[in-house]
Amino acid sequence: AQSVTQPDARVTVSEGASLQLRCKYSYSATPYLFWYVQYPRQGLQMLLKYYSGDPVVQGVNGFEAEFSKSDSSFHLRKASVHWSDSAVYFCAVSANSAGNKLTFGIGTRVLVRP
Amino acid sequence: EAAVTQSPRNKVAVTGGKVTLSCNQTNNHNNMYWYRQDTGHGLRLIHYSYGAGSTEKGDIPDGYKASRPSQENFSLILELATPSQTSVYFCASGGTGGAERLFFGHGTKLSVL
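Line by line, the protein sequences give chains A and B.
Each residue of the first sequence is one higher than the one before, starting from -8 at the first, in our numbering.
Each residue of the second sequence is one higher than the one before, starting from 385 at the first, in our numbering.
These aren't lab readings, by the way, just hints derived from the structure by calculation.
Don't take each hint at face value.
Simulated DEER-style distance windows between Cβ atoms [what the hints assert, rightly or not]:
{"hint": "1", "chain 1": "B", "residue 1": "Thr389", "chain 2": "A", "residue 2": "Gln49", "range": "25 to 33 angstroms"}
{"hint": "2", "chain 1": "B", "residue 1": "Ala436", "chain 2": "A", "residue 2": "Ser5", "range": "43 to 51 angstroms"}
{"hint": "3", "chain 1": "A", "residue 1": "Arg68", "chain 2": "B", "residue 2": "Glu463", "range": "41 to 49 angstroms"}
{"hint": "4", "chain 1": "B", "residue 1": "Thr389", "chain 2": "A", "residue 2": "Gly7", "range": "31 to 39 angstroms"}
{"hint": "5", "chain 1": "A", "residue 1": "Ser71", "chain 2": "B", "residue 2": "Leu497", "range": "40 to 48 angstroms"}
{"hint": "6", "chain 1": "A", "residue 1": "Glu57", "chain 2": "B", "residue 2": "His490", "range": "24 to 32 angstroms"}
{"hint": "7", "chain 1": "B", "residue 1": "Gly401", "chain 2": "A", "residue 2": "Gln49", "range": "46 to 54 angstroms"}
{"hint": "8", "chain 1": "A", "residue 1": "Arg13", "chain 2": "B", "residue 2": "His425", "range": "36 to 44 angstroms"}
{"hint": "9", "chain 1": "B", "residue 1": "Asp422", "chain 2": "A", "residue 2": "Glu6", "range": "38 to 46 angstroms"}
{"hint": "10", "chain 1": "B", "residue 1": "Gly437", "chain 2": "A", "residue 2": "Pro105", "range": "26 to 34 angstroms"}
{"hint": "11", "chain 1": "A", "residue 1": "Arg68", "chain 2": "B", "residue 2": "Thr399", "range": "40 to 48 angstroms"}
{"hint": "12", "chain 1": "B", "residue 1": "Ser495", "chain 2": "A", "residue 2": "Pro105", "range": "29 to 37 angstroms"}
{"hint": "13", "chain 1": "B", "residue 1": "Lys441", "chain 2": "A", "residue 2": "Ser19", "range": "20 to 28 angstroms"}
Some residues of chain B that are not near chain A, with every Cβ distance over 12 angstroms (derived) [said to hold, decoys possible]:
{"hint": "14", "residue": "Ala397"}
{"hint": "15", "residue": "Thr399"}
{"hint": "16", "residue": "Thr404"}
{"hint": "17", "residue": "Ala436"}
{"hint": "18", "residue": "Asp446"}
{"hint": "19", "residue": "Tyr448"}
{"hint": "20", "residue": "Ser451"}
{"hint": "21", "residue": "Glu456"}
{"hint": "22", "residue": "Leu464"}
{"hint": "23", "residue": "Ser471"}
{"hint": "24", "residue": "Val496"}
Beta carbons are placed, not taken as given, at the ideal position from N, Cα and C, and that holds for glycine.
Kindly produce the complete structure, drawing on both the sequences and the hints.
This is the structure in structure tokens:
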């Protein structure tokens, strides 16, 4: 079965600083990979997804992620964070052919300090 | 924008009671999902459905039933609620294409006393 590890439960950064959130996945073949964000008192929203092609994928609000098959990773990055980026970020993997039965990591809570 | 609506937003239930959580989507998506979110576990899949009349067990189905009477509606049923089922429950819908994004509702906070 597939699994996702997000090693950082909480990350605090200053506004304007760069951000990287780590994600490691476990699956024997090439999976579908996603990053979702959850703002306070809301459901999850997709930031970006990857299945094949260019290992660097662009998402909404300036986020990007890089897939590495050799490292089994799918790290999320943003060059300059804003206070509104404070949220919980979830990495997710799907291993079925339809790419729609997701296994989520435990999430990383990001706090952006003004 | 795709819409997934959950009801109720908050629910307090008694141990041993029956609880039904409802979800409605206007996206015309075939696939619908129920997840629960707990600190330290992220989101875990309880049940899902590929269309009206179908339900499938997810990763943690014990103690839960699901019902998909129509394309739009997907319910999660706790026949005998227990305190361990206190959680936040999310419904989501998604298309059938590869790597389709999921659209989530705002969640239902359930407390079983």
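Each hint, compared with the structure:
| no. | hint | verdict |
| --- | --- | --- |
| 1 | B:Thr389 with A:Gln49: 25 to 33 angstroms | holds, 30 angstroms |
| 2 | B:Ala436 with A:Ser5: 43 to 51 angstroms | holds, 50 angstroms |
| 3 | A:Arg68 with B:Glu463: 41 to 49 angstroms | holds, 45 angstroms |
| 4 | B:Thr389 with A:Gly7: 31 to 39 angstroms | holds, 37 angstroms |
| 5 | A:Ser71 with B:Leu497: 40 to 48 angstroms | holds, 46 angstroms |
| 6 | A:Glu57 with B:His490: 24 to 32 angstroms | holds, 31 angstroms |
| 7 | B:Gly401 with A:Gln49: 46 to 54 angstroms | holds, 48 angstroms |
| 8 | A:Arg13 with B:His425: 36 to 44 angstroms | violated, 18 angstroms |
| 9 | B:Asp422 with A:Glu6: 38 to 46 angstroms | violated, 30 angstroms |
| 10 | B:Gly437 with A:Pro105: 26 to 34 angstroms | violated, 52 angstroms |
| 11 | A:Arg68 with B:Thr399: 40 to 48 angstroms | holds, 46 angstroms |
| 12 | B:Ser495 with A:Pro105: 29 to 37 angstroms | holds, 34 angstroms |
| 13 | B:Lys441 with A:Ser19: 20 to 28 angstroms | holds, 23 angstroms |
| 14 | Ala397 | holds, 21 angstroms |
| 15 | Thr399 | holds, 27 angstroms |
| 16 | Thr404 | holds, 19 angstroms |
| 17 | Ala436 | holds, 17 angstroms |
| 18 | Asp446 | holds, 17 angstroms |
| 19 | Tyr448 | holds, 16 angstroms |
| 20 | Ser451 | holds, 19 angstroms |
| 21 | Glu456 | holds, 17 angstroms |
| 22 | Leu464 | holds, 27 angstroms |
| 23 | Ser471 | holds, 14 angstroms |
| 24 | Val496 | holds, 21 angstroms |
Hint compliance for this structure: hints 8, 9 and 10 are broken, all remaining hints hold.
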